[in-house]
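**Student:** Each chain, letter by letter, is given below.
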Amino acid sequence: MIYDVIIIGGGVTGCCIARNLSKYDLKIALLEKEADIASGTTKANSGVVHAGFASPREYVKRDMCIKSNKLYTQAFEELNFSFQRIGSLVVALEDNQIKKLEEQRRQGTQDGVPGLEVILDKKKIKYMEPNLTDDVVGVLHAPTTGIVSPYGMTYALAENAAMNGVKFFRNQKVRRIKHQNYTFIIKTKDKEFKATNVINAAGVYGAKISKMVGLDYFNIMPRKGEYILFDRNAMHLNKILFPTPTKVSKGILVCPTVSGNTFVGPNAQNITDKKDISTTEAGLKEILEGGRHLVPNLPLRASIRNFAGLRAVPDTYDFIIDNTDVFGFINVVGILSPGLTSCYAIAERVTEFLELLGANMTVKEDYNPIRPKLDKFKDFSKIELDKKIKEDPAWGRIICRCETIPEKEILNAIHSPVGATTTDGIKFRCRPGMGRCQGGFCRPRLIEILSRELNIPYEDVVKTGEETNFLVAKTKEIVLRSFEGGSEE
Amino acid sequence: MKKYKSDVVVIGAGAGGLAAAIEVKKAGLEVLLIERDKELGGITLQCIHNGFGLKEFEEELTGPEYAQRFINQVKELKIPYLLDSMVIEITKEKLVYAVNRNEGLIEIEAKAIILAMGCREKTRGAINIPGFRPAGIYTAGQAQRFVNIEGYLPGNTYVILGSGDIGMIMARRLTWEGCKVKAVVEIQSYVSGLLRNQVQCLEDYDIPLITGFTVTKIHGRERIKGVTISKVSRNFDRIIGSDKFIECDTLLLSVGLIPENELTLEAGAKISQNGGPLVDENLETTIDGIFACGNVLQVHDLVDMVTAEAKRAGKNAIEYLETRYGKELKKQKKFKCISGENVGYVKPDVINKTDISKDIYFTFRVKYPARRVLIQFKDENNNIIYSRKKIYVIPSEMIELNLNLEEANVNPNSKSITIEVIPRPEVLIEED
Chain A
1 MIYDVIIIGG
11 GVTGCCIARN
21 LSKYDLKIAL
31 LEKEADIASG
41 TTKANSGVVH
51 AGFASPREYV
61 KRDMCIKSNK
71 LYTQAFEELN
81 FSFQRIGSLV
91 VALEDNQIKK
101 LEEQRRQGTQ
111 DGVPGLEVIL
121 DKKKIKYMEP
131 NLTDDVVGVL
141 HAPTTGIVSP
151 YGMTYALAEN
161 AAMNGVKFFR
171 NQKVRRIKHQ
181 NYTFIIKTKD
191 KEFKATNVIN
201 AAGVYGAKIS
211 KMVGLDYFNI
221 MPRKGEYILF
231 DRNAMHLNKI
241 LFPTPTKVSK
251 GILVCPTVSG
261 NTFVGPNAQN
271 ITDKKDISTT
281 EAGLKEILEG
291 GRHLVPNLPL
301 RASIRNFAGL
311 RAVPDTYDFI
321 IDNTDVFGFI
331 NVVGILSPGL
341 TSCYAIAERV
351 TEFLELLGAN
361 MTVKEDYNPI
371 RPKLDKFKDF
381 SKIELDKKIK
391 EDPAWGRIIC
401 RCETIPEKEI
411 LNAIHSPVGA
421 TTTDGIKFRC
431 RPGMGRCQGG
441 FCRPRLIEIL
451 SRELNIPYED
461 VVKTGEETNF
471 LVAKTKEIVL
481 RSFEGGSEE
Chain B
1 MKKYKSDVVV
11 IGAGAGGLAA
21 AIEVKKAGLE
31 VLLIERDKEL
41 GGITLQCIHN
51 GFGLKEFEEE
61 LTGPEYAQRF
71 INQVKELKIP
81 YLLDSMVIEI
91 TKEKLVYAVN
101 RNEGLIEIEA
111 KAIILAMGCR
121 EKTRGAINIP
131 GFRPAGIYTA
141 GQAQRFVNIE
151 GYLPGNTYVI
161 LGSGDIGMIM
171 ARRLTWEGCK
181 VKAVVEIQSY
191 VSGLLRNQVQ
201 CLEDYDIPLI
211 TGFTVTKIHG
221 RERIKGVTIS
231 KVSRNFDRII
241 GSDKFIECDT
251 LLLSVGLIPE
261 NELTLEAGAK
271 ISQNGGPLVD
281 ENLETTIDGI
291 FACGNVLQVH
301 DLVDMVTAEA
311 KRAGKNAIEY
321 LETRYGKELK
331 KQKKFKCISG
341 ENVGYVKPDV
351 INKTDISKDI
361 YFTFRVKYPA
371 RRVLIQFKDE
381 NNNIIYSRKK
391 IYVIPSEMIE
401 LNLNLEEANV
411 NPNSKSITIE
421 VIPRPEVLIE
431 ED
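Respectively, the protein sequence lines represent chains A and B.
Using this note's numbering, read the first sequence as starting at 1 and increasing by one per residue.
Using this note's numbering, read the second sequence as starting at 1 and increasing by one per residue.
Just chain B, same shape as in the assembly:
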């Protein structure tokens, strides 16, 4: 068995893993990148549309261009990486086991690990559509791979279920290929992807967006022949009599992404309600020295945000190696971050109480859209420690917030911090 040692091992060489590895290497530490695909870059390689890098580089790049900037740095910094290598196990002791064709089983002894495995797409089963199980049903990302990487078209006429970003981007991409996209069907009353994609990918190409509907039956035994879509009630039950048949030979699903945390679970780290690992303000999981960043932690809106988070994870791993690694430290008291009204989840899940003088970077999503809201942070006793107005919130837009708890005068004895997004109290105009 081949054995390696490295200060830091980064699992996954997509946007997150690349940025994290570069950050660590720049600090002069050893880092090893492990990637299961045959090249560096991850999912960005199949995202050949533009719109990447506006925050990170203040330029508009395609996915592969964006990735290449980091790949170039990896090569310049001579960061070692393993391709076509699948991590099959991570232990609490931070041994990483991977396999690949050339080296067989590999054991890597790491001092710190950064998890950057990304996410996967939800499938038909996860949303339980009844009907046949014919050929011609793909997740949007799968179709994207076929078209952009393999050079094949999965069908001629399409219905896309779900208005996630990849679904809308594929609607436009397939239209360019001469395919017909009959409709994008969204169960919610609002689009689940970014507004810019709704405009640039659907509206600009006259692709109908049907909200408040979902696919309720799949037709066709061999190849899909069409779908029945139906209007749904507020509880997402089918409204009887609202069925419509749409003929198509392909159904694409763009119904959401789930962090890919099988390795995390097996390592023994706790997973929180959003499906990502439970982390503290350092992006450190419940296992000492194992950090997480990017879509494996939480699904981000933009790759630029993944990069930013990965850099933080890299910095925190460096800090861990310099100050805490190998030391027996007392277990610290923590604030628990609680998702209050209209908050789907919040990261970090917990905050260590040792050093509350530093800024804490919060990220969270609302459960449903709302106008004229108040974002509030409260301690255990309902004391408001932070409050901010916002005109509009929507689940597809992650809210990012930097907060210094010390400056906010948080009660250090409070066990928790609750984050809520509530309607702004109406200003009552008194009448004489």
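With the rest of the complex left out, here is chain A:
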């Protein structure tokens, strides 16, 4: 079997491309090296849908971002992920920063970013965001900035792609790519795939994959960003708050999430290890201090988690979206911020490339762009809830008490088109373990459910993938083993 298109990488970029291409009469597969999609950069980033005024004008990513921001409206309607256009404020704390805000407003407006406004009336600013520091002298308000669950959207994209025929293969780290007779042969640990076209959306491993077909014209450096997440009850923000940007980054923001939590972060550390998602004492301090400039009363005692994510930073500092010299090999790499925002525009660009490459771009008759809204316990009225439990008792067994998640939502997460196979996979799909107790209560129950549904022993249930097992042995086994060892001597 030869696929028309194989996408390497199941992050938001790869899944968005997959979903866009699933419209056409193409045989498509997506390979992901981890046990689940949305496991890399997609899992740990700010979840901000940027308005698009922040990147310099010479960059491709600026246009992509402005265009893609608008595409979110339709995607949201079709895919039913969590997304809210709550608007952002770029905050000036000194008078001389106002000039920068004015410039961003002028250029942004010229380039098609709607509704930008510089506000200097402190009363009005504080009304928009009461948590903001009293030191504020002005803000740039961007009403089209939004917040999204980056992994939630990626699952939605993948599920819709799978509904429309895209095959997802997880635990498939690409080891080698051979290119002969206009066919790519992709080798993984235990499988071999063939395709006419390959799309490299491998994130921080983008350069490594590109080199496999002899294309060595860029480098990807991982840049780490750390975050601290606060409990839902601790603080309520109306707006996404950015400091006035410097040349290096958009700075440390204080931002609400679609689930109602607040986070502070990220910082920006260039590192060399592509697996280093550890947080550091210095880093956590840095982001707290940074965040306090904007919101002095950050609820430190209500922090429920710290985490870090890697951005794939190319040496050009811009997206690399190339129909390359190797016929049929498309690079979609270096998708740093605002990559999450830009995914829909990127997917459109890739679709154009495939047309140029001669792929069969006939729209399928049975293409269905709708990924239905997920049923959620919390969204039901009391009467609906009663009815639902009577239809299926799994709605009546609450597994996660912090987030009120019943067994049914967990079963749905496991049995969805690209379903969860790990406890983190469940957690990121429907939130058990995301709340205040961070899985203290529900984790043993998740292990029980995964063991039952996937028909695997307790010891084989994992957190994120290989070697992340929770349990090592049955009780008494270690003691028995030591006796066995003793008898041999």
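No lab work stands behind these hints: they were computed from the structure.
Zero decoy hints are in this set.
Between beta-carbon pairs, the in silico distance windows are: (1) A/484 with B/157: 14 to 24 Å; (2) B/336 with A/119: 35 to 45 Å; (3) B/199 with A/481: 22 to 32 Å.
Residues of chain B clear of chain A, computed beta-carbon distances all greater than 12 Å: (4) 61; (5) 321; (6) 341; (7) 378.
Even for Gly, the Cβ is constructed at its ideal location relative to N, Cα and C.
Position chain B relative to chain A; hints supplied.
**Tutor:** Just chain B now, with coordinates in the frame of chain A:
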């Protein structure tokens, strides 16, 4: 929707809820117990070690044995209970909504409610340890459930952060299972659990206790491979150069417990500084007829103390139904109880001034250990109304005190009562 009615609804059937329900039923009132787990007993069921019941039964029992005595009474008294049922909402009007697999959504109309939801453990996030987020990090209670209930071991070699009781008990339990506990690391200079657990669980098994240190980094991407521990300064900042690496495949956290008050908050009751609901001397929250007891109110040292408190809550709920329920009563003036020097929190938070002739049962904890102290109660004008010497106080030991305010001659116009634990003034020996 299924509808029930009951004089009293008790939420949570752990040690607290069971005792409260029994108390109410014995007075001849209707009571309904709601439990989210599949059996009665709560967390005591996984506490298979002994040491329970010394006060309540003057016997040494295991957790399940202790619970069983109450479960037997519940059955003898034919107290109705719902299992596998999660309360999702309580209203001010004392409607309780719960769900379970068999009955769907249930609405219970109660005249009084007793909250007995217990507490949860603090997690890694709450203490913000930097590093990776690998598998192999558990709260001590989670590990206890895996080992004692599910029959699985979460790891081979352990470091335990925090010297809470569950952490120390798990250190011993895992040692029995052939696992290696490398160290119990405590950020304070003293153990945060009971002395008897330090002796019986750590010292008896030669498990090193490292005080004044904390975990400052977690190593390992997939499964935890070890932790860095560092000495901390008085402000709990890491002292540079004091780092030590300890290899382990599991980290257990025993860094404290937090009352579980999401339902309480949603019902609209006020929460006080200790994380439990704000209550008066009747253990009544800021909502009429809603009472709280056990670890949902304040984290106790021993289950026996939970039982005693729950009985009081039961009695007070009975008294409420008999004397105050359904009556329009004037809002009463109150004393506010203030935590003074070296007092972390105090219960009750407020005391009604109507009837100060009865004894008030105070419970509180100190913030830090101290020797040769004076426990003092003062009114608004700094008049000392009660004073008692104590040789030693420590945060892990709750101080319980019965005081009759009338006999103590409290000024009824005082707005507050302050409780403080101060160093005893030195006795100066005059030299000739």
